[in-house]
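Novice: Going by the UniProt record's numbering, the sequence shown opens with residue 1, and the numbers climb by one from there.
Just so you know, not all the hints are guaranteed correct.
To be verified - Calculated cross-link-like contacts (lysine-lysine; reagent style DSS-like; alpha-carbon spacing at most 27 Å):
(1) K84 x K26
(2) K26 x K77
(3) K39 x K26
If you are wondering where the hints come from, they were derived from the structure by calculation, not from laboratory data. This structure is a prediction, so every number in the text was calculated from the model and none was measured.
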Amino acid sequence: MDLPIDVDPPTIEEISMAIIQIKRGKAAGSDNIPAEALKADVAVTAKTLNIFFNRIWDEEQVPADWINLPKKSDLSKVLLNRMKESVNTQIRDQRAGFRKHRSCTDQIATLRIIVEQSIKWNSSHYINFIEYEKAFDSVNRTTLWKFLQHYGVPEKIFNIIRNSYDGLHCEIVHGGQLTEEEQRTPYAEKWRQT
1 MDLPIDVDPP
11 TIEEISMAII
21 QIKRGKAAGS
31 DNIPAEALKA
41 DVAVTAKTLN
51 IFFNRIWDEE
61 QVPADWINLP
71 KKSDLSKVLL
81 NRMKESVNTQ
91 IRDQRAGFRK
101 HRSCTDQIAT
111 LRIIVEQSIK
121 WNSSHYINFI
131 EYEKAFDSVN
141 RTTLWKFLQH
151 YGVPEKIFNI
161 IRNSYDGLHC
171 EIVHGGQLTE
181 EEQRTPYAEK
191 WRQT
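Go ahead and model the full structure; you've got the sequences and the hints to work with.
Specialist: If you want it as structure tokens, here you go:
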């Protein structure tokens, strides 16, 4: 059963919200368009991106020549904003990481109560802390796709997310020179940060 996530093409309002959420001061991609340029006139940028996003929505394919920053992250942010509420209902209350209005302070308070009760009742307790490498920088994509399907992300949204990872590669600028095409490293199993 699919989660109740809107599968209609993104609205200009959603795209405007995603543009507003772009962080300033980030490096421009190979097109040299910084986030500040997109934010200079949100209405015009949103209308322009709406044309592209509608095409992506129809084809369920992100153009290969799009770069991650900043245009592709606008699409990612639109998808994330749509999915957050529905996905949040699927996550246990005990999970606080990366959730709005939740923090590790809540988890620390809960842990403290558990430890205090264990001491009071003279019982053993085991605590396991897991450090996730840079907030999931190396999630296996195959596993990610299985989780998205398992939790009922609608097929259209799933296809757009999955296809946005096709052809990703790492480019390095050294001494003012961009790496040659054959030297670029594909992101075969890396999670793309947006």
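Novice: Now tell me if each hint is right for this structure.
Specialist: Results for each hint:
no., hint, verdict
1, K84 x K26, "holds, 24 Å"
2, K26 x K77, "holds, 15 Å"
3, K39 x K26, "holds, 13 Å"
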